[in-house]
Amino acid sequence: MADPILSVRGLETFFHGDEGIVRAVDGASFDLFPGRTLGIVGESGCGKSVTARSILRIVERPGRVENGSVLLRRADGSTVDLVKLDASSREMREVRGGEIGYVFQEPMSSLSAYHTIGNQLMEAIRLHRTVTKAEARDRAIELLRMVGIPRPEQRVDSYSFELSGGLRQRVMIALSLAAEPRILIADEPTTALDVTTQAQILELIRRIQEERNLAVVLITHDMGVIAEMADAVAVMYLGKVVETGPVDAIFHAPKHPYTQSLLRSIPSVLAQPLSRLATITGSIPHPFARPAGCPFHPRCPSFMPGTCDTGAPGLTRLAPDHEARCFLYDQPRETSA
Amino acid sequence: MSTASPPVLSVERLRKYFPIRRGVLRRVVGHVKAVDDVTFSIARGETLSLVGESGCGKTTTSRCILRAVQPTEGSIRFLTGDGRQVDVAGLPRAELRPVRRQMQMIFQDPYSSLNPRMTISDIIAEPLLVNGIGDLDARRRRVAELLDVVQLPRAYMNRFPHAFSGGQRQRIGIARALALNPALIVADEPVSALDVSVQAQIINLMLELQERLGLSYLFVAHDLSVVKHVSHRVAVMYVGRIVEIADTATIFARPRHPYTEALLSAVPVPDPRKRAKRIVLEGEVADPSNVPAGCAFHPRCAYATERCRQEKPELRDAGGGNLVACHRAAELELRGVAAQ
Chain A
26 MADPILSVRG LETFFHGDEG IVRAVDGASF DLFPGRTLGI VGESGCGKSV
76 TARSILRIVE RPGRVENGSV LLRRADGSTV DLVKLDASSR EMREVRGGEI
126 GYVFQEPMSS LSAYHTIGNQ LMEAIRLHRT VTKAEARDRA IELLRMVGIP
176 RPEQRVDSYS FELSGGLRQR VMIALSLAAE PRILIADEPT TALDVTTQAQ
226 ILELIRRIQE ERNLAVVLIT HDMGVIAEMA DAVAVMYLGK VVETGPVDAI
276 FHAPKHPYTQ SLLRSIPSVL AQPLSRLATI TGSIPHPFAR PAGCPFHPRC
326 PSFMPGTCDT GAPGLTRLAP DHEARCFLYD QPRETSA
Chain B
8 MSTASPPVLS VERLRKYFPI RRGVLRRVVG HVKAVDDVTF SIARGETLSL
58 VGESGCGKTT TSRCILRAVQ PTEGSIRFLT GDGRQVDVAG LPRAELRPVR
108 RQMQMIFQDP YSSLNPRMTI SDIIAEPLLV NGIGDLDARR RRVAELLDVV
158 QLPRAYMNRF PHAFSGGQRQ RIGIARALAL NPALIVADEP VSALDVSVQA
208 QIINLMLELQ ERLGLSYLFV AHDLSVVKHV SHRVAVMYVG RIVEIADTAT
258 IFARPRHPYT EALLSAVPVP DPRKRAKRIV LEGEVADPSN VPAGCAFHPR
308 CAYATERCRQ EKPELRDAGG GNLVACHRAA ELELRGVAAQ
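In the order they appear, the protein sequences are chains A and B. Note that the first sequence covers residues 26 to 362 in this note's numbering. Note that the second sequence covers residues 8 to 347 in this note's numbering.
Relax, there's no trap hidden among the hints.
Below 20 Å or equal to it, Euclidean Cα-Cα: the simulated SDA-like pairs (lysine to any residue) are: (1) B/Lys284 <-> A/Leu295; (2) B/Lys284 <-> A/Arg231; (3) B/Lys284 <-> A/Ile233; (4) B/Lys284 <-> A/Glu228; (5) B/Lys319 <-> B/Val39; (6) B/Lys281 <-> A/Ala296.
Label-pair ranges, simulated between beta-carbon atoms: (7) A/Arg342 <-> B/Asn188: 52 to 58 Å; (8) B/Gln92 <-> A/Gly42: 54 to 60 Å; (9) A/Glu167 <-> B/Ala337: 43 to 49 Å; (10) B/Glu289 <-> A/Ser300: 31 to 37 Å; (11) A/Asp182 <-> B/Arg91: 57 to 63 Å; (12) A/Glu119 <-> B/Arg342: 46 to 52 Å.
Treat the hints as calculated values from the structure; they're not laboratory data. Note that the Cβ used here is the ideal one computed from N, Cα and C, for glycine as well.
For reference, chain A alone in the conformation it holds in the complex (with noise of 0.2 Å):
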């Protein structure tokens, strides 16, 4: 395969609050090729999030990346981490929204509503290339038509409060990639749309993907999209990757007991109608509340006393692209991960 175009590593991100210290992301590593989609897929407070908001150095105070690296191989084949980056410099501001295009949850929220979606189209258009206000406003159009937006020429001129979910979705996009990024990151792209949209915005991803060779990463909940979209997946809770690995790997042999726990108790279409569902014993520790050693322990069928409760589980290479971090496959030591 080729070299990765950003590789993360030991990537840990704190909130620092009056009530102590919350460690979002605890560790956590990938790699991200050019033309795959990764998945970063867990439950609420697993980080996956901040993961995100981390590579774009985006993360809001009182939350501060601590550790580890954010490596972003760039178009000339030089190397830069981003994580030694000032995050308001000039050069973290080229990178984001230039190099590393990305997507949020919310579109309504995301997009100004008092500017029309052309001029903040044009405005991010401008920010990274040198043209014109005629050729940004037809590169705006442009970007419209390869979103999808029906009759662009007059969307152009409309407000986003004047769109859809589903269209201010496809603005979000086009968005992203007025700088013709590298990269795309998604968090939760889909979420707030209804199935049939979902199906379009998915499409429509996989489509520019393919188009661009673009590399993405896919942060979402839901492992439907996770099966349907990725091509490796990071499976994350409470900010650790628990397990990577490739999809197939993932749905049809998972080696961590979460991943498999989180598999099982998924409602799914192919079910039996009014069968029961497998469940995970407990909820989601309070982020304050975190449990010593491994952070599943508490909820883990396979929990082992003494173990699991005391140290922390390296990441085992299980073959040569899945990992997991678990004691079933990891012998405990006396280093904490």
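Fit chain B to the supplied structure of chain A, relying on the hints for placement.
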């Protein structure tokens, strides 16, 4: 469904139109036809799911049944505990209260549906208090009982909602809904705000309670995977109308309406080996204040003919237990999910 005993709920030709007012005189210039001629019934111990996309009228239908909004037309006959059938739609306010005790609601958002200033005990006992049932001691005993039913420790009684996770809060909401021994529970997206691992617990709890207490559920949801797990029958709505209604196994395996087919096809299947060619619907859901002529779905339907553009299809028996509102139901071979 056999109709040996009368259904707990039978809704007939229900309509809810919201007026659109314009200008300084606030003249009515049109109507949003949120619910437009909806008919269905729910038997004792049965779950009927109303599914469809946002704006299809599923929530307005459920709110009409609880008389949270006043229906424009139609009847909502509810079987009371003493065996009478009352029409909720026409009941005066004063007579509504004893009927409402027997139909309760579970809400979508477990965070905003519990008063943060009340203890769990007060929240669950409130329906009893409001209806003047039992003294303080009796109410506390009932609260303890209800906590057992929803599998929460009795010790939680004096805590406040903020101490609980989303799943625990939803259990509290369910305990409150059960306080008055209702026959019917209207659950509007009860698990869509929950995490996957917690969602499964609540779905199982609802299934268990139904078996134990003989509850009937009207389940309003957009997630067809959840619907498949909880429903005996499913009604698919599109722009205020039911376009198809059938028992769960049938409607998923062999949909008879093109909209049902498209909805099923759009659901992501949690198995990367089953990536199928999706039917991606063109365009958007029709505007309920300006419904297309003929079949409201025709502008997005791949099978539409001239007749669909002009004549509104009625809901009728298409064989195999499905009621379908489609002119071409008999001739079309549509794809379900089991066939993938």
